[in-house]
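Visitor: Given next are the chains, with one letter for each unit.
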Amino acid sequence: MTLIVFYGLAATAVTAAILVVLMSRVVYSALALIVCFGATAGLFFQLGAQFIAAVQVIVYAGAIMVLFLFVIMLLDPASEVFLPSRLKRVPVFALACAVLFTLVLLEAADRWAAAQVFTDSIAGTERSSGPGGEIETLAHSLFRDYLLPFEVTSILILVAVLGAVVLTRQHHETE
Amino acid sequence: MDINYTAILPEIMLSLVGICIMLLIPFVPRERQTHLGYLALAGIVLAFFGVAMGWGQTDLAFSEMIFQDDFGQFSKIFFLFVSTVILLISMNYLEQEKLFQGEFFVLLLFATVGMLFMATSADLIMTFLGLEVLSISTYILAGFKERERKSSEAAWKYFLLGAFSTAFLLYGIAFVYGATGSTKYLQIAEAIQASPDYSLILFVGLGLMMVGFGFKVALAPFHAWTPDVYEGAPIPITALLAVASKGAALLALVRILYQVFPDLSQQWQAILWPMAVMTMAIGNIAALTQSNIKRMLAYSSIAHAGYLLVGLTAHNPLATQGILFYLVAYAFMTLGALIVVQIVGRREEQHTTIEDYNGIGYRYPFLGIALSVFLISLAGIPATAGFMGKLFVFSAAVQSQMYGLVVIALVTSAIGLYYYLRVIVSMYMGEFKTEKIPITISMPLRIILTLLVLGTLYLGILPGSLLNLAEEAASF
Chain A
79 MTLIVFYGLA
89 ATAVTAAILV
99 VLMSRVVYSA
109 LALIVCFGAT
119 AGLFFQLGAQ
129 FIAAVQVIVY
139 AGAIMVLFLF
149 VIMLLDPASE
159 VFLPSRLKRV
169 PVFALACAVL
179 FTLVLLEAAD
189 RWAAAQVFTD
199 SIAGTERSSG
209 PGGEIETLAH
219 SLFRDYLLPF
229 EVTSILILVA
239 VLGAVVLTRQ
249 HHETE
Chain B
1147 MDINYTAILP
1157 EIMLSLVGIC
1167 IMLLIPFVPR
1177 ERQTHLGYLA
1187 LAGIVLAFFG
1197 VAMGWGQTDL
1207 AFSEMIFQDD
1217 FGQFSKIFFL
1227 FVSTVILLIS
1237 MNYLEQEKLF
1247 QGEFFVLLLF
1257 ATVGMLFMAT
1267 SADLIMTFLG
1277 LEVLSISTYI
1287 LAGFKERERK
1297 SSEAAWKYFL
1307 LGAFSTAFLL
1317 YGIAFVYGAT
1327 GSTKYLQIAE
1337 AIQASPDYSL
1347 ILFVGLGLMM
1357 VGFGFKVALA
1367 PFHAWTPDVY
1377 EGAPIPITAL
1387 LAVASKGAAL
1397 LALVRILYQV
1407 FPDLSQQWQA
1417 ILWPMAVMTM
1427 AIGNIAALTQ
1437 SNIKRMLAYS
1447 SIAHAGYLLV
1457 GLTAHNPLAT
1467 QGILFYLVAY
1477 AFMTLGALIV
1487 VQIVGRREEQ
1497 HTTIEDYNGI
1507 GYRYPFLGIA
1517 LSVFLISLAG
1527 IPATAGFMGK
1537 LFVFSAAVQS
1547 QMYGLVVIAL
1557 VTSAIGLYYY
1567 LRVIVSMYMG
1577 EFKTEKIPIT
1587 ISMPLRIILT
1597 LLVLGTLYLG
1607 ILPGSLLNLA
1617 EEAASF
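Respectively, the protein sequence lines represent chains A and B. Everything in the first sequence is counted per our numbering, starting at 79 for the first residue and increasing by one. Everything in the second sequence is counted per our numbering, starting at 1147 for the first residue and increasing by one.
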């Protein structure tokens, strides 16, 4: 059962990733990317990393995709024209991608051979995370060991927001 | 886990007051927003009380994130003092330039929070966060005169190069973590002591971190941004960068080199030695040809970073003491000189060339005497704070038998005499041109200048009291 879900999710992720590149309209590419992120989140969930899965959905599939869509909207992709000169370089990129993909496949094959060790290590991490799961571990380090850096980060973000407001508002007034 | 609020009480006070000012800004009419500076001043006074409440206590608080020790308390008092002076002169400056924006004070307070964290941090993550809070505030403050091209240029240059150098620092921290398995100062030091066969990763990490700090302290060869940014930034921010930002990075570096990597001292001394020579030489020689006084002071601040580096290279208890003393002396004279530059610059900083100082000494005796004292002190002539500072830092280097370095330092500071005295000569020998806008000195600035002059002379004649404080602070 787990294996079927895994292959289903993996196939969805890879197909969606290929679609991101192949789609002729940027908006479709962006939508395909969301599907890819969703499938990856499912894979994280299977690995027992519920928190990362949730963050993947909220941050990547949510916030960052909204940002992408905004940029696409502002840039108006319909006006973008495909130049034939760009297409000439396709074989070069295809070759580069093929080399990279082969390397990844070789690495994957290597892992396959050591599959037994791999699953063992995953099981090990799951046991160590305790009853509350990894969120508890995360909360412990975030609000106990790293409490002060966590709070100072919020000041850092506050300063950045304030700075953005100061600089843009001045710019607006001078115009 | 021990939550010890007294260890970070000043930072809490400053942050809270900063947030209060931020919330008040929409309710204060624009022309009155400079009055928010008084609230910021109250925040700094509260922070002083915060330091007083934790005085003399030692602790390693927030699961080894923050040191509470004499070195930290000394640094906190130093940074709060510098921020007070900068706050007072910037209130005057904002009024004069009609920059009615309360956000200036908020950013100044948060920048101070960053400095305090850098000086007391006991973990590389905290050091990095402190540096970032300080840097991002100063990037924005440097470009605060949005209407003026030079100010925007300064902000951009500082931001791009600063972001780049921070990346170096962070990469270095990652390497050190990889080599030792911790980001906590004391644990890294233990790990290094436990395995004396140092890995290459550790050295790469140390080197990258020194690039990051070298940029902030403006050490050659990472100093190229300094003259442009110091020239373009509003004068109070030039003072903030030259004194506070430089001091914070230097004190963080002192802690890291002396507390985290004391076992690698031979290796980092080999890097610092040529850096110190280059910094002193470039700073002093480039300052000779400057016609703009802000640029000249920028190069002079590079040279002074070089003198401080001589002390840092020495690596003995006297060196820490000397660096702390020198930093205070440097703050007095640089702040003072920049205040005079602000007064003489007048509206929109139109009068910042050295020619503008012709004949000012007789026309405005108070300004003439004040600037002369500061410049003489910067040049390191006896009976001033600058001389005593150099004496302590260089004698620390002599104690570590670095005679070559001390000789070079003395030669370069002799070169430095020329450009400091040139300004004094033009003030007293130059011909006074009738000015369109007369120079006015407001009462608060007059009081601050008087205090800084007296401080510079006091430290030059009776350095004992500060030296004792620095000695206590120097024992980590």
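By construction, these hints were calculated from the structure, which means they are not laboratory data. Glycine is no exception: its CB is placed at the ideal position from the N, C-alpha and C atoms. Please note: incorrect hints may appear among the correct ones.
Just the calculated beta-carbon pair ranges, DEER-fashion [stated by the list, open to error]:
no.: 1; chain 1: B; residue 1: 1340; chain 2: A; residue 2: 214; range: 52 to 62 Å
no.: 2; chain 1: B; residue 1: 1346; chain 2: A; residue 2: 79; range: 23 to 33 Å
no.: 3; chain 1: A; residue 1: 79; chain 2: B; residue 2: 1622; range: 52 to 62 Å
no.: 4; chain 1: A; residue 1: 228; chain 2: B; residue 2: 1583; range: 47 to 57 Å
no.: 5; chain 1: A; residue 1: 140; chain 2: B; residue 2: 1165; range: 50 to 60 Å
no.: 6; chain 1: B; residue 1: 1435; chain 2: A; residue 2: 172; range: 52 to 62 Å
no.: 7; chain 1: A; residue 1: 214; chain 2: B; residue 2: 1149; range: 51 to 61 Å
From the derived model, a few chain B residues whose C-beta atoms are all more than 12 Å from chain A [to be verified]:
no.: 8; residue: 1158
no.: 9; residue: 1260
no.: 10; residue: 1550
Covered by chain A, per the in silico footprint, the following chain B stretches (three or more residues, Cβ under 8 Å) [as the list claims (entries may be wrong)]:
no.: 11; stretch: 1271-1281
no.: 12; stretch: 1382-1393
Visitor: Using the beta carbons of residue 140(A) and residue 1165(B), state whether their distance is inside 50 to 60 Å or not.
Guide: violated, 28 Å
Visitor: CB of residue 1435(B) to CB of residue 172(A), is that within 52 to 62 Å?
Guide: holds, 56 Å
Visitor: With respect to the beta-carbon atoms only, verify the hint that residue 79(A) and residue 1622(B) lie 52 to 62 Å apart.
Guide: holds, 60 Å
Visitor: Within 51 to 61 Å: is that where the Cβ-Cβ distance between residue 214(A) and residue 1149(B) falls?
Guide: Roughly 20 Å apart at Cβ, these two residues miss the hinted range, so it is violated.
Visitor: Count the residues of the stretch 1382-1393 of chain B whose Cβ falls closer than 8 Å to any Cβ of chain A, and tell me whether that reaches three.
Guide: n = 0 at 8 Å, threshold three: violated.
Visitor: If you look at each residue in the stretch 1271-1281 of chain B, do at least three have a Cβ nearer than 8 Å to any Cβ of chain A?
Guide: holds (count 6)
Visitor: Evaluate the given range 23 to 33 Å for the C-beta pair formed by residue 1346(B) and residue 79(A).
Guide: violated, 48 Å
Visitor: Is it the case that residue 1550(B) keeps its Cβ farther than 12 Å from each residue Cβ in chain A?
Guide: holds, 42 Å
Visitor: Could you let me know if the closest chain A CB is still more than 12 Å away from the CB of residue 1158(B)?
Guide: Its Cβ does come within 12 Å of chain A, the nearest being 10 Å, so this is violated.
Visitor: Is the hinted range of 47 to 57 Å satisfied by the C-beta distance from residue 228(A) to residue 1583(B)?
Guide: The hint (47 to 57 Å, Cβ to Cβ) holds, given that residue 228(A) and residue 1583(B) are roughly 51 Å apart.
Visitor: Lying within 52 to 62 Å: is that true of the beta-carbon distance residue 1340(B) to residue 214(A)?
Guide: violated, 32 Å
Visitor: The output says residue 1260(B) does not contact chain A. Does that hold with a beta carbon cutoff of 12 Å?
Guide: Incorrect as stated: the minimum Cβ-Cβ distance to chain A is 8 Å, not above 12 Å.
Violated hints, in rising order: 1, 2, 5, 7, 8, 9, 12; the structure is consistent with all others.
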